[in-house]
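Participant: Quick mapping for you: the protein sequence lines, in order, are chains F and X. Under the numbering used here, the first residue of the first sequence is numbered 6, with each subsequent residue one higher. Under the numbering used here, the first residue of the second sequence is numbered 387, with each subsequent residue one higher.
FYI, nobody ran anything at the bench for these hints, they're computed from the structure. Be aware that one or more of the hints could be misleading.
Claimed, not checked - With a straight-line cut-off of 30 Å between C-alpha atoms, the simulated DSS-like cross-links for lysine-lysine are: (1) X:499 <-> X:539; (2) F:121 <-> X:499; (3) F:121 <-> X:487; (4) X:487 <-> X:539; (5) X:460 <-> X:499; (6) X:460 <-> X:539; (7) X:487 <-> X:460; (8) X:539 <-> X:516; (9) X:499 <-> F:169.
Claimed, not checked - Each pair of labels, with its calculated beta carbon distance range: (10) F:122 <-> X:475: 32 to 42 Å; (11) F:122 <-> X:402: 50 to 60 Å; (12) X:402 <-> F:236: 32 to 42 Å; (13) X:457 <-> F:172: 13 to 23 Å; (14) X:548 <-> F:28: 52 to 62 Å.
Built from N, CA and C at the ideal position, the CB exists for glycine as well.
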Amino acid sequence: MARRSSTARTLVTTLAAWIVGGIIFFPILWMVLTSFKTELEAFAMPPSLLFFHWTTENYATVQSRSDYLLHAMNSIVIAGGSTLIATAIAIPAAWSMAFAPTRRTRDVLLWMLSTKMMPPVGVLVPIYLICRDTGLLDTRTGLVIVLCLGNLPIVVWMLFTYFKEIPRDILEAARMDGATIGRELVYVLLPMAVPGIASTLLLNVILAWNEAFWTLNLSTSEAAPLTVFIASYSSPEGLFWAKLSAASTLAVAPILVLGWFSQRQLVRGLTFGAVK
Amino acid sequence: MGRITLEGVRKSFGSIDVIHGADLDIEDGSFVVFVGPSGCGKTTLLRLIAGLEDVTAGRILIDGVNVVGVPPAKRGLSMVFQSYALYPHMSVRGNIGFGLKMAGLPRAEIARKVQAAAATLNLTDYLDRKPRELSGGQRQRVAIGRAIVREPKAFLFDEPLSNLDAALRVQMRLEVTRLQRHLGTTAVYVTHDQVEAMTMAHRIVVLNAGRIEQVGSPLDLYRHPANLFVAGFIGSPRMNLIGQRAAARYGAATVGVRPEHMRVGRDGAGGAEGWAGTVSAAEHLGSDTFLHVDVPDIGTVTARCIGERDIVIGDSVRLDPEPDRVHRFDRDGRALP
Numbered sequence: 006m007a008r009r010s011s012t013a014r015t016l017v018t019t020l021a022a023w024i025v026g027g028i029i030f031f032p033i034l035w036m037v038l039t040s041f042k043t044e045l046e047a048f049a050m051p052p053s054l055l056f057f058h059w060t061t062e063n064y065a066t067v068q069s070r071s072d073y074l075l076h077a078m079n080s081i082v083i084a085g086g087s088t089l090i091a092t093a094i095a096i097p098a099a100w101s102m103a104f105a106p107t108r109r110t111r112d113v114l115l116w117m118l119s120t121k122m123m124p125p126v127g128v129l130v131p132i133y134l135i136c137r138d139t140g141l142l143d144t145r146t147g148l149v150i151v152l153c154l155g156n157l158p159i160v161v162w163m164l165f166t167y168f169k170e171i172p173r174d175i176l177e178a179a180r181m182d183g184a185t186i187g188r189e190l191v192y193v194l195l196p197m198a199v200p201g202i203a204s205t206l207l208l209n210v211i212l213a214w215n216e217a218f219w220t221l222n223l224s225t226s227e228a229a230p231l232t233v234f235i236a237s238y239s240s241p242e243g244l245f246w247a248k249l250s251a252a253s254t255l256a257v258a259p260i261l262v263l264g265w266f267s268q269r270q271l272v273r274g275l276t277f278g279a280v281k
Numbered sequence: 387m388g389r390i391t392l393e394g395v396r397k398s399f400g401s402i403d404v405i406h407g408a409d410l411d412i413e414d415g416s417f418v419v420f421v422g423p424s425g426c427g428k429t430t431l432l433r434l435i436a437g438l439e440d441v442t443a444g445r446i447l448i449d450g451v452n453v454v455g456v457p458p459a460k461r462g463l464s465m466v467f468q469s470y471a472l473y474p475h476m477s478v479r480g481n482i483g484f485g486l487k488m489a490g491l492p493r494a495e496i497a498r499k500v501q502a503a504a505a506t507l508n509l510t511d512y513l514d515r516k517p518r519e520l521s522g523g524q525r526q527r528v529a530i531g532r533a534i535v536r537e538p539k540a541f542l543f544d545e546p547l548s549n550l551d552a553a554l555r556v557q558m559r560l561e562v563t564r565l566q567r568h569l570g571t572t573a574v575y576v577t578h579d580q581v582e583a584m585t586m587a588h589r590i591v592v593l594n595a596g597r598i599e600q601v602g603s604p605l606d607l608y609r610h611p612a613n614l615f616v617a618g619f620i621g622s623p624r625m626n627l628i629g630q631r632a633a634a635r636y637g638a639a640t641v642g643v644r645p646e647h648m649r650v651g652r653d654g655a656g657g658a659e660g661w662a663g664t665v666s667a668a669e670h671l672g673s674d675t676f677l678h679v680d681v682p683d684i685g686t687v688t689a690r691c692i693g694e695r696d697i698v699i700g701d702s703v704r705l706d707p708e709p710d711r712v713h714r715f716d717r718d719g720r721a722l723p
């Protein structure tokens with residue numbers, strides 16, 4: 006017998022969902038609103054939500070003070086590059102762990118994950134020194150490598166989980182049909198794992214886009230992505246909330262748009278295998 | 387050509403021995419069925435032939451060439467999996483043609499061969515569908531189509547019918563047999579269902595706990611089981627295996643009588659040869675009547691009568707085994723001559 010839900014019940018649930026959604030969304034809304042206020046109004050107490058003097062001067066100032074396009078380009082190269090390289094390494098790695106496991110596979114997986122348990126600051130000095138000595142400080146290459154390695158364990162884990170869901174028989178059928186390992190990957194495994202791979206890619210792009218610790222510490226101007234661009238507005242001379250908000254809005258806008266358009270794929274991938 | 391020879395093939399997973407040295411000769415064009423209870427190693431043996439598992443010791447020869455260490459694709463065999471293992475993202479056409487594509491055949495030839503295979507299997511109308519849009523029987527046909535299109539030296543079937551319902555299974559059993567006879571390609575077929583084994587095979591290989599118990603034609607195994615295991619496994623309902631005093635009278639440790647080799651009389655008196663007992667269950671199928679008879683000192687004995695018999699629970703009956711159909715086994719379970 007299907008459970009009957011009364012109108013009141015639906016109403017309460019819907020209301021609760023909207024409230025939770027509102028709370029989660031509020032900081033972003035606040036940020037966007039503040040970016041259109043003057044610095045004075047941004048500090049005003051009590052704050053006004055809609056009835057203030059709308060201005061775009063913060064955006065103009067931000068654009069004239071620092072080069073948004075350069076930072077955005079750096080973000081794209083660093084997030085995109087690190088994601089692509091990580092995926093290219095992780096696909097064969099996850100394949101071998103999922104379909105040709107050895108006695109040590111579990112240990113390797115756990116060991117990879119354990120690298121994420123340590124706070125990054127713990128290895129800041131050695132990595133900084135390595136980057137300095139190899140001339141990778143403040144270069145896109147350096148950041149691509151560091152972020153790629155940083156996110157690799159997560160990418161391998163996610164892909165491993167998706168690949169595990171794919172029946173072994175199908176890959177063996179491909180092998181019987183004469184496919185080499187490479188062709189088995191390209192023609193059979195990858196097409197079947199598209200949702201999983203897509204959501205892994207997206208999540209990794211988002212993580213790399215918003216990564217602030219390494220980007221702030223390993224870049225200053227040349228390779229500085231949008232995170233550095235935002236941080237430059239919280240300066241010792243005082244907080245410029247309105248300008249900081251404008252910078253933040255500009256920084257999250259591209260990834261927000263990307264996330265919006267790919268949300269179906271993202272949800273499908275994140276719940277992959279949960280329901281048959 | 388497709389002659390497969392196993393010489394002392396062993397397989398262990400870690401410290402567990404799964405196949406304890408198998409020797410077998412599969413003739414070109416024959417239909418050989420591996421049968422045995424689950425866990426007996428029949429699927430493993432098939433996978434060893436396919437090359438999906440590596441042998442621990444021994445040799446596997448295909449047409450006289452040792453293929454140990456040769457990857458599956460190079461062995462010239464094709465396999466039908468229990469789960470069908472179709473490529474879900476490809477159409478029926480893509481599924482059947484995949485092997486040919488991997489072999490690098492020209493497109494026109496692939497299309498022609500796929501058409502021919504589809505025609506053989508009545509799949510022509512479904513060529514553009516995806517596997518998820520097909521019924522179980524159709525999926526099974528696609529899996530078979532994928533196997534035949536490559537014109538392999540031998541087909542390997544791994545319990546291909548076990549996911550189908552009973553009626554479809556009987557139909558596909560016939561189709562597979564007919565197809566194999568028509569193509570004349572060697573087939574190795576794994577099943578746990580002894581009815582499938584009896585009806586499809588030229589030769590049956592009975593496996594138990596990683597050992598080959600007996601190899602022979604279906605009626606060979608039925609008439610002359612080499613040991614107790616084969617005697618109990620082949621035939622339905624199972625052979626009655628009777629020990630102790632009743633067996634001693636025949637000069638054996640155990641005697642076996644198939645239910646259909648038992649004459650059933652109404653009289654409860656009991657002759658010198660027969661066993662008297664009470665019917666504890668009677669199954670009336672119309673075509674046959676199965677009687678489960680409790681015989682003192684022996685236990686429950688099953689008898690099969692042809693046609694309808696008006697015997698009900700509680701009746702006293704006399705069972706007389708046909709003398710030349712009594713199988714005798716020694717203390718180790720081996721058949722006595």
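Participant: The structure should be examined with respect to each hint, and the outcome stated for every one.
Facilitator: For each hint, the structure was consulted:
1. Between residue 499 of chain X and residue 539 of chain X the alpha-carbon distance is near 17 Å, which keeps this suggested pair within the 30 Å criterion.
2. Only pairs whose Cα atoms come within 30 Å are accepted, and residue 121 of chain F paired with residue 499 of chain X is rejected, the gap being roughly 53 Å.
3. Among the hinted pairs, residue 121 of chain F with residue 487 of chain X is inconsistent with the structure: their alpha-carbon atoms are about 43 Å apart, more than 30 Å.
4. Between residue 487 of chain X and residue 539 of chain X, the direct Cα distance comes to roughly 18 Å. Compliance with the 30 Å bound is thereby established for this hinted pair.
5. The suggested pairing of residue 460 of chain X with residue 499 of chain X holds, with an alpha-carbon distance near 20 Å, which does not exceed 30 Å.
6. At roughly 11 Å between alpha-carbon atoms, residue 460 of chain X and residue 539 of chain X fall within 30 Å of each other, so this suggested pair holds.
7. Straight-line distance between C-alpha atoms of residue 487 of chain X and residue 460 of chain X comes to about 15 Å, which keeps the hinted pair within the 30 Å bound.
8. For the hint linking residue 539 of chain X to residue 516 of chain X, the alpha-carbon distance of about 28 Å falls within 30 Å, and the restraint holds.
9. A hinted pair counts as satisfied when its Cα atoms are at most 30 Å apart, and residue 499 of chain X with residue 169 of chain F does not qualify at roughly 34 Å.
10. With their beta carbons about 37 Å apart, residue 122 of chain F and residue 475 of chain X fall inside the hinted range of 32 to 42 Å.
11. Between residue 122 of chain F and residue 402 of chain X the CB atoms are about 36 Å apart, so this pair departs from the stated range of 50 to 60 Å.
12. One distance hint, 32 to 42 Å for the beta-carbon pair residue 402 of chain X and residue 236 of chain F, is violated here, with the actual separation near 59 Å.
13. Look at residue 457 of chain X against residue 172 of chain F: about 20 Å separates their beta carbons, and that is inside 13 to 23 Å.
14. Here the CB-CB span from residue 548 of chain X to residue 28 of chain F is close to 53 Å, well matched to the stated 52 to 62 Å.
The structure fails to meet hints 2, 3, 9, 11 and 12 from the earlier list, while all remaining hints are met.
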